[in-house]
Amino acid sequence: MAPTRTLSLPIVPDALDGLYELEDPLLLALRPSALIPGHEGVPIPAAPIEEVYQAYRRVLDALPEGTVELMEELEDDLPGVPLLLGADGGRVVHLAAIEVAEADLAPLTTFADALDRAASPCPGPGFEALTQALSELAPEHGYQWPQGEAANLAHWARQALSPVLCSPFEGPRGAANHAMLSEVLRRAGNSPVHLDQDEEAAVRRVMLSMERAAIGDQDEEALTT
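Read in order, the letters of the sequence shown correspond to residues 665 to 889 in this note's numbering.
Incorrect hints may appear among the rest.
The calculated label-pair distances, taken between Cβ atoms and stated as ranges, are [said to hold, decoys possible]:
#1 GLY744 - THR668: 11 to 21 Å
#2 HIS805 - GLN861: 37 to 47 Å
#3 GLY753 - THR668: 29 to 39 Å
#4 ASP688 - ASN816: 11 to 21 Å
#5 THR670 - ARG837: 13 to 23 Å
Everything labelled a hint here was simulated from the structure, so no lab data went into it. All residues carry an ideal CB built from backbone N, CA and C; glycine is no exception.
Construct all of the structure, not just a fragment, from the sequences and the given hints.
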């Protein structure tokens with residue numbers, strides 16, 4: 665059986681928006697296109713873009729059905745995914761346990777590393793095509809990334825991958841937060857799940873960690889208002 669990784673993932677729109685936005689136009693622009701004569705895709709050392717794209721799609725497919733609708737506020741619930749309620753009875757977040765293949769995380773990690781190389785002052789052999797592609801996309805209007813140079817887009821794209829590549833359980837409280845969320849998932853049968861004050865605090869710390877990784881280094885007040 666292929667190795668998998670279980671991610672305890674609060675479904676936080678601010679943290680997941682960028683992950684969904686990666687496909688269009690960034691990944692689609694890097695892939696081969698029959699619509700553009702001669703465009704065979706952007707070569708990326710150790711990370712063939714078609715492998716990256718297919719891994720990306722499988723990871724998205726692992727997210728709970730209805731996640732996109734929830735993020736777009738077309739729905740307010742995720743069937744079968746526990747809804748966590750705070751100590752005061754208010755809604756906190758949906759909490760999912762998703763299984764992703766290690767074989768899919770590997771090319772996404774390599775792609776994230778390639779973005780770092782492409783954004784550096786001296787990308788080095790093999791990364792020039794990716795840098796050029798990022799440079800052409802970076803000034804485009806109407807997308808989530810900050811306009812500017814290739815480095816802006818590369819940094820945004822790496823952040824967008826963070827919900828599945830970066831654990832929100834780092835730091836001195838990380839292990840305790842993970843244990844608490846694991847216990848919440850263990851006892852979750854039918855939603856909603858009522859949290860005590862300590863559990864709610866742990867969930868909110870994990871949500872904040874995800875948002876900081878995906879959005880950037882913003883202050884806590886900006887992320888929680």
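Notebook entry, point to check: So which hints don't hold here, by number, going up?
Noted result: none
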